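S.K.: Okay, here's what each chain looks like letter by letter:
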Amino acid sequence: MPDHTWGDAWVSDKLIEIKGVKHAYQTGDGPLPVLDGLEMSVPEGGFCAVVGPSGCGKSTLTRLVAGLMKPDEGEVWLQGERVTGPKSTVGMAFQNPVLLEWRSILQNVMLPLEIVPTRMSKRDQEARARHLLTLVGLDGFEDKRPSELSGGMRQRASLCRSIVHKPDVLILDEPFGALDAFTREDLWQTMHKVKAEEPFTGVLITHDLRESIFLADQVIVLSGRPARTQYVMDVHLKGERDLDQLYTPESAEALNILRHQIKVAQGRAETDEAAA
Amino acid sequence: MFKKIAIPIFALVLFGVFWEFLVWVNGWPNYKMASPSDLWPAFWKFRWLFLEYGWDTLWRTVVGLLLAVVVGVLIGMVMGFSRTMRDALYPLLVGFNAIPKATVVPIIALMFVGQHDFNTILIAFLISFFPIAVSVSIGLSTLEPEYRDILASLGASKLTIFWKIALPKTLPEFFGALKVAVTLAFIGTNLMEIVEPHGRGLGHLFDSGKISADYPLMFAVLIALAIMGIMLYYVVVALEKVFAGWAERSPT
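Note that the protein sequences, when read in sequence, are chains C and B.
The first sequence: position 195 = 195 (our numbering), numbered continuously.
Just add 276 to the spot in the second sequence (first one is 1) and you have our numbering.
Simulated from the structure, these hints should not be mistaken for lab results.
Bear in mind the structure is a predicted one, so any value in this text is a computation, not a measurement.
Be aware that a few hints might be false.
[Unchecked claim] Have a look at the derived ranges for each label pair, beta carbon to beta carbon:
id: 1; chain 1: C; residue 1: E114; chain 2: B; residue 2: V346; range: 24 to 30 Å
id: 2; chain 1: B; residue 1: Y509; chain 2: C; residue 2: S54; range: 47 to 53 Å
id: 3; chain 1: C; residue 1: E198; chain 2: B; residue 2: I281; range: 51 to 57 Å
id: 4; chain 1: B; residue 1: P421; chain 2: C; residue 2: A127; range: 30 to 36 Å
id: 5; chain 1: B; residue 1: L443; chain 2: C; residue 2: E81; range: 29 to 35 Å
Beta carbons: idealized from backbone N, C-alpha and C, even for Gly.
For reference, chain B alone in the conformation it holds in the complex (with noise of 0.2 Å):
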């Protein structure tokens, strides 16, 4: 358990040790690339924009992702049961995902102007339920007959085959789809945040660091970000692990 932790923590100083190494040995001055000992002072100067701000990215997230989970299921379980609908549906879903989220940012700006929490939640949704409906998809297509059959023959109904083995079956694909969604919802905040700046989020602070050259700021708020990810990502781990541990087996 100890090493569990040291040695993670370990590493990310090593990490810092060395980039404060590289820009000190190299010269470097804060606008071309900023240090690890530039950064705290950049917080600190900033911290209750931080907080304000790191709320505003993170609840607008979350809520992206949750739309992402309900919606991507959905699609999901859709595509997965039906062989028509998957034909039909995935050409267009993956013709969607292809389009860089960058050029849809302005445009859905311009469709619901003003509506910046909501949009900012559009952008994060749209961007992360795409691995979880083709995850879900796959999970429940591939779902060997034999599994079905054994409730099938006792009469059981679609719906009850559905709770007892599909979905649990599915919730390990599931997860995995979840931990990239998570990181992708991120994305797409914080695209929203700094394309279309409306004044609110971690993206506005980073758009404000750039107009007025606070280059320290700027770096100071891809760490915040960077912190704020890693968190999220260990909330997934920690449900993946109640829901979904048994998947995971025991080195042997």
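Chain C on its own, in the form it takes in the complex (with noise of 0.2 Å):
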């Protein structure tokens, strides 16, 4: 295994890596470990789609990414650097939107430009926003108030804000769960459509097996709390791809062992060899 903490020197083509790392929350009862020896990597351009049993710990993980926390233990490293604390180069959406209710819809995606800094003039960035939001199907929206706007259009503007800055990683927390299927769906290819014209590296925290294939390279189930890596599978789509690919043969054979692998963390199922 190579060392990455040797000097500067990065040995490693991940852009996203996290190695050992163990969390414990501090509550009146004493400690409540959520994350147990958790290893992750996402090489760059990746999309990983994390999935485990409710409060397993996986907003942990997105919060310790992002550096808004630090690991007890444990690295995160984020292109050749140990994460100490937030970056401009990282990107999130969560489950609520958290649109600004006083801006209009522009306002909001472009709201992350007024705190990183970028050479792009006021023109150009609000150019960007403008395109992004066509990008995502919002044309005409521009200048809505979010309460206008129906939960996935609300969802898409949050996307946009989320990559105007142009982050390498980004950092996405349930950001369908709350929405209808046929709506969800619609926006997972939104997700493909994004990825192919502004390119970056994701971590998708869900708890739809479905959308983990659908949308990621690689799927990791963290075991149930104290959460640590149980099981990585390689997704054997690869691209972008369409809703049809998700009822082939081998899509419902990568689901079931998906399926089995939660009921492991779950303590459902005792072995990989029970479902055999």
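Please assemble the complex out of the two chains, which come individually in their own frames, going by the hints.
M.R.: Written as structure tokens, this is what we have:
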């Protein structure tokens, strides 16, 4: 195993690298361990989905990668640099689109550009925001208020905001979790469209196994709390895909394996052999 | 627009007619219940005093209220951002707010003897800062963590997050509290002017009406206070429209 802490030299091609991360929250009843020996790495341009039982520490993982928290043990590396705090090369979107009600959709999308140092002129910034809104199908809604948009449209706007500053790493924490099934599938396809035009390295937290294989190149199953990496699957689908590909025998098999792994993580199935 | 003005005016006229009718049908003398027709002569007779004292009451109330806004927002910020400070300050504030301000008036009047303007402003402030502090602290402490995270994950400072997100997001709660505070501040000003009369303000005019058994004058002061209260209230509503109009959803 290469020694990543060795000077400035970066010997791995992994853009996101999580090594032996342990973390516990301090509660009134003593420490509550949520992550215990988490391993994960995503190559540049890769898209990794993380699935696992409810409350297993998936959101903690996003906060660690975003530099909003420090792990008790282990290391988080982005682009060959150890994460010690928030970085402007990271974009985030959540299940709650958290749009600011007092701003128009366009101003909401441009919000990160007010924080991140950028060489873009005001006009270029606006042009970029407008371009992204068109890309996700929100042209004509630039001057609307968030309250005038549907849930799916708000999530699209939130997605634009998370990539407007051209982040290298995109962290998506169940962004489609609160949407109805059809809207969700629409947004999956929008995600592929966005990724084709605005490449990023992504981590997607989700509860939806179909979503995980439809969007990601790699699916990581976390065990129940405290979470460790239980299972890693390379997705057989490549590049942009269409919804029909979710209903092939290969996809059914992949989903079955993942379903079983989730059962194991929940403690409802004993071993890998039990499924066979 | 016409309807928006006509309906409340019509309601006011109807109220006046009903009041006049009630007094007339019961045959109440004006020392029991003055009727609207008694009020105008009272106003006219003391019109200059109404203007002069009305101004006293108004500016003291406004200054007390502004002080309440500044201090209330500061206390609200401290309590909103720090759990420890909230736990420490909350019982103190609630206890202080529970004390009837009528009992505080003589104490303040003794503490700052002769400082009438200052005393009056102080009571207006003391009575009205509580709802502002509470609403700002609740607004800030209930800010969903994701709102913080969208900026914090880009490396924004706490001040930037406060300025760009926490502050505007708290404005609707703040204005809700300000509407309560503006009427409370009036109560505070008049409490001081009536309980510790010092020859100024509408409260003093009310008191002289009582001493000289001029009941229509007392009623006229009440009406004058109500009119000023309505005016100040709608100033706050107008400010709310400008700064937090986004919180109002268009009916769909």
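S.K.: Taking the hints in turn, state whether each one holds.
M.R.: Each hint tested on the structure:
1. Here the CB-CB span from E114 (chain C) to V346 (chain B) is close to 27 Å, well matched to the stated 24 to 30 Å.
2. Range check, Y509 (chain B) to S54 (chain C): Cβ separation about 48 Å, and the 47 to 53 Å hint holds.
3. Taken as a hint, the range 51 to 57 Å holds for the pair E198 (chain C) and I281 (chain B), whose Cβ atoms sit roughly 53 Å apart.
4. Here the CB-CB span from P421 (chain B) to A127 (chain C) is close to 32 Å, well matched to the stated 30 to 36 Å.
5. Look at L443 (chain B) against E81 (chain C): about 33 Å separates their beta carbons, and that is inside 29 to 35 Å.
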